[in-house]
Each structure stands twice: as structure tokens, then as C-alpha cells.
Amino acid sequence: MKKTHIIAIVIIAVAIGVITTSLGNASTYGNFTEAFDNPDSKIQVVGYFNKEKELVYEPEIDPNLMSFYMTDKEGKECKVVLNQSKPQDFERSEEIVLKGKAVGEEFHATDMLMKCPSKYNDGNLQVYTD
Amino acid sequence: MEYIGEHLWAGQLGNLFVIVSFVAALLSTYAYFKSSKETEEHKDSWSDLGRLAFRIHSIGVVGVVGMLFFMLLNNYFEYHYVWQHSSKSLPIRYVFSAFWEGQEGSFILWSFWHVILGNLLIRSAKNWESTVMTVFSSVQIFLTSMILGVVVLDYKLGSNPFTVLLREHPQFQNIPLFSSENYLEKLDGRGLNPLLQNYWMTIHPPTLFLGFASTLVPFAFAIAGLWKRDYQGWIKPVLPWTIFGVMVLGIGILMGGAWAYEALSFGGFWAWDPVENASLVPWITFVGALHVMHVQKTRGNAAPTTFAMTIFTFILVLYSTFLTRSGILGESSVHAFTDLGMYGHLLSYLMFFFALGLTMFFINLKKFPKAEDDAFSSREFWMFVGTLVLALSAIHITIMTSKPVINLIFGTKMALDIGAQERFDIYHSFQIPVVIVITSMIAFTQFLKYKKSDGKAVFRKLAISSLSALIITGLFTFAFDYTNPYYILMLFSAMFAITGNIEYLIRILKGNINKAGSSIAHIGFALIMLGALLSTSKSIVISENSSSIDLESLGDIKNNENILLYQNDTVKLQDYYVTFIGKRKEGVNIFYDVKYMKKIDSDYITEFTLSPRIQLNPQMGNVAEPDTRHFLYKDIYTHVTYADLSMPADTDPDKYGELATRQMKVGESFFTSNFKYQLDSVFVNNKVSIDSLNDSTRIEVVAQFSVIDKIGNISKASPMYVIENIDSGKILSIPHELEEAGVILSLNKIIPSENKYEISVREKNSVKNDFMVMKAIQFPMINVLWIGCFLFMVGCIIAMINRMQANK
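The listed protein sequences derive, respectively, from chains U and W. Numbering that gives the first Met the number 0 puts the last residue of the first sequence at 129; the count rises by one with no breaks. Numbering that gives the first Met the number 0 puts the last residue of the second sequence at 807; the count rises by one with no breaks.
Simulated from the structure, these hints should not be mistaken for lab results. Glycine included, each C-beta is placed from N, C-alpha and C at the ideal position. Any given hint might turn out to be false.
Claimed, not checked - Computed, partial: chain W to chain U, Cβ under 10 Å: (1) Ser264; (2) Phe265; (3) Val388; (4) Leu391; (5) Val404; (6) Asn406; (7) Ala419; (8) Ser428; (9) Phe429; (10) Phe630; (11) Tyr632; (12) Val639; (13) Met771; (14) Val772; (15) Ile776.
Produce the entire structure from the sequences given, and follow the hints as far as they go.
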């Protein structure tokens, strides 16, 4: 066997080890029910911001904290506490992805990704009204 | 109905160009394929036909480009693509951005670059022309089919910007606007996404797509080499192209980083976003391919690796196209394209060339020349190991980015990471060791000779550079206070790569600039890694929340990177004293002026003012753009994360603002922008004894507040809650106005069960202070990265010219 082959096998073995470990540690997509069933595991929940319910963001008190209600894809609603400042145009978001875990009755999120309407056809034609 | 003012001829002409380019690509592929057969009688006339067809194809593609520009420049909003990406108010300089904002436009841009490269190849490829151009044209068949937009057996093949009229678009068919024949008079385009109204959007996509396009040249040559069983001859002509591609793709990727850093709110130049990764991976394998090509050229024993790396580079470009355009990434990336339903089409494009490459490779596998074992002290051994490490780096990033694909195949539910910190953990744990290995190899490998070199002599040669690298690393470790061993190792290996190559330049090359290309490019690369390390690992969020708010209740999820600034208040952020001066509106932008000061003795000296802004766009959403102050050794980045968008002129200062209501217990307090409100006590004003209680008793409940302003002046307020008489249940809330302060306090409700009181406050608009929430980050030494980028480019250009001259 050639030296290069031995080195190749060693490096590849290490790489496979590292990759499988980090894939194993990846957080999973889920819904609120799963989040509350496993309160210790980090989970990503996709859902919609409930525009009817109260959204609290009071920068005077804490610029890094907001709370709102989100309905997941299964239709379950939950209060979300997000440890971030309120993004521009949050109210317009169509779909949001939250990463976090269940704490008590709430879902505490550390990261959020919004599907911004800009990239999607909102179906409105702008018409001049002169 | 006859519509007035539509320019249907433009679309028809554009569509004609599309069809011409598609058909000509088919013809060119067939003709070139015929001409590449040894046994073919009319070889020359077939290759003449292939060439002619490719030229016609080129005219078609250039025509497509021209027509789309023409329609965008003239606001032909009857076309969906023009309407979707442009508007009357869009400045002309953004027409390029509008052109390639959509999938269709970027496919056109991509095939335009292929046409340019293809025509250059026809001139220079000589006896490789027929085979190489067969592959080239076949790629063009797929690319032009993406904009064909014809329906075949109920499946819409591609999306054609020339044939989709707005009024015929499925989403808009029933809109009343189109019942009027002169609807165009009233119509305006939807406009360009404000995030993309930026000069980076003008230069980044074409550079990146030129980089993608230039991976096709080595791929076409590699397929041609396998096809003709010539494993050696294709390397020489392809080397300058490969260096060119590595340079352009590298610069294109870094431009994306510069864009993210300057104009987007990532808070850094690299976020390991799936789309960024998708463009980085082919670059990594491209670099690997370039290095084994050198081994194959000199020693002829690296054919399998060279073919594999070259073919995979192109396949990975197609894979990245598939990832970003098929919609499979879903909502996990900030900048994937809108899904056009081309999933199957894109997959077939990817699979066709994947199968082609794989088949050609395995047909030849047994025929590759057998190589003898490389010596430890040979250059090719280390270049081979380096390439292997690069391949693993690419595999790691690909797998981590492909979670949605893995989920699809295996039914798992792995989530793509969305948090910055998590991404750093995942990618850096693997990629930092990769960088350490690679930069170390960059430092010493070129001192080694092909075949075999004198190990001891190399060690002696490396003494000065390794020692100086060690000293500089020590200084940096001390100056930046590094403790993480990975970072220190990376610091050293990057330094070593720089000093090693400088020494090589001086001692071995004796300053011969023609041969210096690779050394300069390697120094550039090492500087990029060094700059990335310093600016990322030692970036400090200087706006960490200093307020006394208790975040303990949140447990381990604490993020206090944003800070609230009231107008004219000064807050200390690290070395700076920062004041939010105020905001001003210019056009669609609201600028928030933030003054950074230093305190010298007891004076505040203004150092600079930053004006991060929010661009208002009612249609697509507002966008915040950071502002960064550049110094030689550091950058100060400032970004508005939240702010009030109304302008002071919109409100009457003497009027009272919005009502703020909250529930509190005695002894508690809360803050508004100007005051602290403390509920001192609550008592019943008129002494009523239980005995005398009757139906008409009036009960007055008084809430005693201390209203404390910023300087500490205390005023007392006592709103009342009055039960007129128990019988009627008539209740009055008597507010208390503090006129001087401009505050009205009232007690609305008593909640005995919780022992709480509901109170509300209104403050005058003149009193209400404006505020902004911002994030500020200090990035040290980021200029090292940009200097590295420049040197990398210079080195690549020198190497490319050198290779071109050698081929003459």
C-alpha cells in the first residue's frame, strides 16, 4: 500500500467521524407539541406570526426582548419570547422560523428567520392613483 | 380586447432570439460531435458547421441580453419580468441589478459568459476545438432551455421573460385593471428589492457568474481528454483558464462578503449562509484541481485526481445552482432565489452532467497510467495531500449545507442552522483545522522539488521564515490576547505561509516577477485567512446592553447585543462615548446620526459621526443599512436594529402622545424615555369606617407616585380612583396632570386578587424623547483581508500571463 493511500484513509476516517458527529448534533425541525414534549432540546419551529394577538416590544425596558404569538404549521399557538430586537417590518412577515426551546408555557427563541414578503409575489399591482 | 400601448413586437423578437439560441446550440452540439469522430469523412465541414452554429447561438444570446435590457430601460411593464424587477422610479444605474435579480435574467447572464468564453475557445483550442465545443454547446442547450418557457406534455420547460405577459400571468388574470384597454397608462412596476439597490449588486453577480462560467472550460477539456484518452495534453491549454477561473470566482465570492459587510446587516463578511457556501465549495475544489493539474503536467501520475477534481468542480457549480434555485433550501437562507417550479428541470441538468462525468471517468479508470509511490520529500506528495484536504473541506461544507437534500432522501428532519453562533461552531470546528493544514503546506511545499528533494536543505531554508513567523505570532498572541490553541495555531500557520512565500520570492526566485505569481497569490490567500481570523475572532460587540434589566429569567438564552439610545443622551461604549444626535429624512431614507466621541481629560472630542439608515419601502418592506467607519487597524460598524420611523414634524409637540398602560404593585417602578415612575403608596383618601358604610358612601382611592426626571428632580402625582357610591357602582378615574413635566397619570383599575393596580401614562410629544436601538461592532484588522484579496488577484494575473506565454 502506498503512503498516500494510508494518509488518505486516515484523513477520510477522521473527516467521517467529525461530519457524523456534527450531523448528529444538528437541531431538528419540529412543531410546538414536540418542543413541549422535549423541553430540553433545541428545536426549530416554522409557523406564522399571529397578527391578532399582542406583540410586545418595549425597547425602553429591554431592547433585546420581544414577545408575540406564533401558530405553528399544525395549528398550535404558543407565546414566543425572543431574545432579540424587533426586526424591521416584523408585522409583514409571512412565515417565520424560530430556534429555541420550550420553557414553562412559553417558547424561548434565540434565533429567528423571517420569510420576507419582498422575495415573494404578494399579488398586488401598484397602480397610479392620479 | 385590443390593449393600447403594448409592445408585443419586443417580446416576439426577444423570444425569437431565445429560440434561435436554443436551436443553434442543439445544432452546434451535433455538428461538433460529428466532427470529433476520427472516422468521420467530412470532419472539416462538420466543424465549420459547428462553429457557424455556435456563432449563431452567440448572436441569439446577445440578442436576448439586448432585448431584455431594452425592455427594462423602456419600462415595458406589460411584461411580467420587467414589472417584477423594475419600476418607473428606479434609477437607470440599477438596470443591471434589475436584469439579473430574477432567475431568468441570471440564467441569461450565465449563458452570456459561456458565449464569450466559448468564442475565445474556438479561436484558441486548436485540435481540441471539436470535442471541447461539443461539451460547451451541450451545456448551452440546458442553459437556454431554462428560458425557453414552452409547454411540453403539460410540463412547462423553463421560464421565458419575453412570453410571460403580466395580464396573462396566472396570479393576475382576474384583476379588474386588465378590463380597461389602456391599463398600461396606470401601471407601474413593482420595483427592485431595496436590498439590491446597491452598486455591489451591479458588480457581484456578473463576477460570480463569470467565475461559475469559467469552471466549464476545464470541465469541457477534461471530458474531451477522457473521450480522446489523452490524459496529459489537455492540461497545458487549460491551465491559464483555470487560474483565471480560480481568481474570478474567488474575487466574486469575496465581493459577496464585502457586500454583506458594507451594506447588509449580517454583522460580518461571512455568515456560512447556504447560498454563500454553495459558491464557496466549487472554488475550493477548483483550487484543488489547479494544484493537481500542475502535478499531472510535470509528473503525469495524477490523472485520476485531476479528472475527478476538475469534473466535480463543475458538477458542484450545477449542484449549487440546484440548491439555490429549486426552492429546496426553503426559508433557511436569506438570499435564495424565488422558486419558479423548475425543480425537475434543474435536477435533470445536474444529473445529466453528473452522469456524463462519472461515466467518462469510470470508463477510463483502468486505463489511467499506473503511478509509482511519491516520496515524502517530493512536492507532488504534499500537493496531493493538500488537494485531499481541500476535497474534504468541500465535502464537509456540502454535507452541512445539504441537510434539506438529506432530509428529502432519508426522511430525516434535520434543520439547517439559522443562528450565527451555531453556524460558527459547526463550520469552524472543521474548517479551522483545514486552514491550519493548508496554510502550513503553502508555507513549505514550494521549497520542495518534484520527485525528490533534500529534506535537510529544505529545513535549513525554512529556518528564517519559520522563526520570524513564530516571533510575529507571539507578538499577535500577546497583543490580541489569544488563548484558544486553534486560533494560535492558525495565526502561526498563516504567518508562516506569508513569511515562507516571501522568503521563496527573495531567495529562490530572486525577485523574478514572471515566476512570482503563485507566491504572491499564496501570500494573498494567507492574508485573507489571517484577516478573517483576526476580524472575526476578535470582533467585539461594543453595544452590549448596559442597562440593569434582569435577564436571568431567560436562563441561558441571553443576547444583549443591542443598545437603546435616547436622543442627546451619551452612552459609553467601550472606548467611545456615543450620542444619538437625531434623525433626518432624505428621499426614501431616514438617517440616524450617531456621534462617536472620545473623552480627553474632561472634554468630549468628536471622533466621527456615523449615519446608518433605514430605507423606507412600503411595498417590499423597510431595509436597514449599516454605516461603517474605516480605520487602518479597525472598523467600527453601526447598524439600526429598531427605531421609530415617524418624523418629528409629523407630530404636534403640545399634544399628548399615546397612552401607555401597565399593571404594578406598590413599590414598583417603570421607565419611559424621560422619567422614572414609582408607585409609592395607595391609600383611601376619605376615612370611611365599616360601620358607617352605606349604599351612598363615596370612596376615593389615591395612588401616590414619584415622577423622577433624568436630573433627579422629583414631582409627586396622585391620580384618583373614585367609587361615587357603592349602590350605583359609578366609578370615576381622576387623572393627575403634571403640567410642567408634560405628563398625565391615571389610576384605571384596582385588581385586589393580585394586589395590583392598573395605571396609565401619557406624555406630551415634546417630552417624549426620540430613541433608536442599535448594534455596534468593532472589527479589528479587517484591512488585512482586503489587502490579501488584492494580492491574491495580482498573483493570479501574473501566473495566468506566465502560463499563457508558456503555451505560445
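Cross-check of the supplied hints:
With a cut of 10 Å, the hint placing Ser264 of chain W at the interface with chain U holds, because the nearest CB-to-CB distance is about 9 Å. With a cut of 10 Å, the hint placing Phe265 of chain W at the interface with chain U is violated, because the nearest CB-to-CB distance is about 13 Å. The interface hint given for Val388 of chain W is met, as the beta carbon of that residue sits about 7 Å from the closest beta carbon of chain U, less than 10 Å. A distance limit of 10 Å between C-beta atoms decides the matter here; for Leu391 of chain W the minimum to chain U is near 5 Å, and the interface restraint holds.
Hint on Val404 of chain W is violated. Least Cβ distance to chain U is approximately 13 Å, over the 10 Å limit. Against a cut-off of 10 Å between C-beta atoms, the interface hint on Asn406 of chain W holds, since the closest Cβ of chain U lies about 8 Å away. Contact between Ala419 of chain W and chain U, as hinted, is supported at the beta carbon level, the nearest pair being about 8 Å apart and thus within 10 Å. Because the beta carbon of Ser428 of chain W sits about 7 Å from the nearest beta carbon in chain U, less than 10 Å, this interface hint is met.
Against a cut-off of 10 Å between C-beta atoms, the interface hint on Phe429 of chain W holds, since the closest Cβ of chain U lies about 5 Å away. Given hint, Phe630 of chain W at the interface with chain U, is violated; its Cβ is 27 Å from that chain's nearest Cβ, farther than 10 Å. The interface hint given for Tyr632 of chain W is broken, as the beta carbon of that residue sits about 29 Å from the closest beta carbon of chain U, more than 10 Å. Interface restraint check: Val639 of chain W against chain U, minimum CB-CB distance 8 Å, threshold 10 Å, status holds.
Contact between Met771 of chain W and chain U, as hinted, is supported at the beta carbon level, the nearest pair being about 9 Å apart and thus within 10 Å. Taking 10 Å as the C-beta contact cut-off toward chain U, the hint placing Val772 of chain W at the interface holds, the least distance being around 4 Å. The closest approach between the C-beta of Ile776 of chain W and any C-beta of chain U is roughly 14 Å, which is over the 10 Å cut-off, so the hint fails.
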